[in-house]
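**Q** Listed in order, the protein sequences are those of chains A and B.
Residue numbering for the first sequence follows the working numbering, beginning at 1 and increasing consecutively.
Residue numbering for the second sequence follows the working numbering, beginning at 1 and increasing consecutively.
No lab work stands behind these hints: they were computed from the structure.
Reference excerpt, derived from the structure (chain A facing chain B, CB under 8 Å, subset only): (1) Glu25; (2) Arg51; (3) Arg54; (4) Arg58; (5) Gly64; (6) Ser65; (7) Pro66; (8) Gln336.
Pairwise CB distance ranges (calculated): (9) A/Val210 x B/Gln214: 52 to 62 Å; (10) A/Val210 x B/Val105: 40 to 50 Å; (11) A/Leu252 x B/Lys96: 37 to 47 Å; (12) B/Glu278 x A/Leu302: 24 to 34 Å; (13) B/Leu146 x A/Leu302: 30 to 40 Å.
Even for Gly, the Cβ is constructed at its ideal location relative to N, Cα and C.
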Amino acid sequence: MNTDSSSTGEPSSRMPVEFTGRGGEYFRIWIVNLVLTILTLGIYSAWAKVRTKRYFYRNTIIGGSPFEYHARPIQILKGRAMVVGAYLAYGLVNYLNPILGFIVILVFLGFLPWLVVRASVFNARNSSWRDIRFNFNPDAKAEAAKVFLLFPFLSIFTLGLLTPYITYRGWRFAIANARLGTTSFEIHAKLGKYYAAFFISLLMLVGILVSLFIIGFLTLQRIGLPYGPESMSAMRMQAMLVPMLAAAFFILVIPIFFIAYRALTRNASLNATQLGPYQFESTLHVGALCWIAFSNLLAIVLSVGLLMPWARVRITRYLATNLIMHGPPDLDAFVQGTRLEARALGEEASDFFDVDIGGV
Amino acid sequence: MDRVAYFYDGQGSSRTTVRLKIDCQMRLIKFQLGQEQKRYRTNDLVISPRLGSTPRRIETPDGCILDVPDNEAIDQLINASEIPVPGRWIHRLESKFRYVILSVVITVLFVWLLAGYGIPVIAKHVAFMVPVTANSVLGEDVLVALDKVIFSESQLSINDKQKLTKRFFSVAESMSDDYKFRLVFRRGGKIGANAFALPDGTVILTDELVEKAQTLSEVELVLAHELGHVVYRHSLRQVIQSSTVALLIMAITGDVSSAAVLAGALPTLLVESHYSREFEKEADQFAYDYAMARGISPRHFINLLDRLSDTDGDLGFLSTHPSVQDRSQIFSAQ
Ligand SMILES: [Zn+2]
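Using the sequences and the accompanying hints, generate a full structural model.
**A** In structure tokens, the structure reads:
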């Protein structure tokens, strides 16, 4: 740790988050989890989830101390059973009467803010650092309803121009409602940064498209591919080329926009985040992140999924080491306060329906 | 011997480095915390199961936590004192090379059996539970879409159309009449000599295929093949199988993100081409059985396929179907 004396004279040090997980080690945990889940017809998946989560938490280190995940597998199993039950019930209702099925979806949407808050509370209360639990404001349901229902609904009519605002509110929801012990997280992000991130990502996308088009055009001219359907082989080439280019477009180019947007908004949010006397700094680089994402994808595809654990460790390490905490080096000012229990249904449901609550 | 450990009191976030002493009978652990000497009976401790090389977490009865990086020392302590540590054996599986290899083999075998046999059987049962009327919803929209994009008006004579329609219904009448069987003529254009079956019982026949055929029986067997796809409900089964495979991949990778879906694209493609080959075999079998029942020589079907493979471009009947060699085998093996 290097200590630099800032102008106020208070000692402040730069503390990067460390990640000590290893691909080979996680592979063993992953494959054993998988096989036990198969052999128990899925029941073990709740234990597998806790073990995986603990592995990543215990290997994420700030100030020399790891995080800990406390959820009990049986809580998660109950949550999973309820979600699967609800899903099957919905399937049956939808099969017998599609109109009723649609009403069920609407009712579910009504419950969504509650589920998101429950998931956040469950996750926070079951996470700790130096045995101080995190917590999440359980009364944030009205805010969740705005961020996850009202604004997305309104954004349908605004051609996506509301998207940066929704991202901004999403991060504010996730950070400003969270606490470590009795200390609240604060966020002072400027909305303008999110719009800047949106347009920079969009420009990036357009730039790549234009250059791809130019490269493609030049290459076609170079190899002198006839344009007309004169020869059969040219037809074949074209018939193959068009879907290949389309696939490349969707697999490679579109994700670049999302990766850039998520990285830039994550930087904007975390750079404006404070926890007591501590200030955060996020130094994600769009190019590096794109490289990791695409090489991970390639590795997973070519290894038929066996390199999945390695890829996950790799991206986690990158995200961790690019988060830096600045502040008093002794880190001993946080206090537990009271402890509360949390039930698991919210988290499982949001997992199942892939609710994304901010974050890359 | 002393072990380094980190002590947290559960109230505040201060961390104290302590020297942990384990007595030689493994009955007690003790350490100096400031002025205070802390001692705990081993049997009162809650020790977390080993997880990779992460530090061990020990909970003391008075609500404090010790993180101990030396996993070996803690394992010795657990072995000697027989403290119950739920889930200890999992680390034993993870740390032995042979169990890891065995896990890989079991997982790969399971996924292979499930994708190759389990899912098709389940999809078949589910598809036959869906009433025929549900299939007909799919058909009409597809034909409208195809008409817009690919097909143009058929140029066959009324006489040809009537003869072919008669043959079509002679195939169709051997089957359950829940379907709305009909034969539709179109000029194939780009897709050339081809025939398609829609799930509701509609069969589309292109002019080009009729022109390639030398006898009516050749077309009749192609129609039988297409109706085989209908009665075996291949479209619906394809949809069910593909979505189940996608779900399976998500379950395995434990990830619902777009990256996982993309990562699953290649295996899904491989599995799907396997599925469609199985479907073609079923439809060929149907056509073969029909030919035998009506006393038509199955040679007719092979003859037409041979002729198509000589002249067919990339987008014809054979591109949506297996190679002629494969199928000739099915027919001649019987
Ligand atoms: Zn076929």
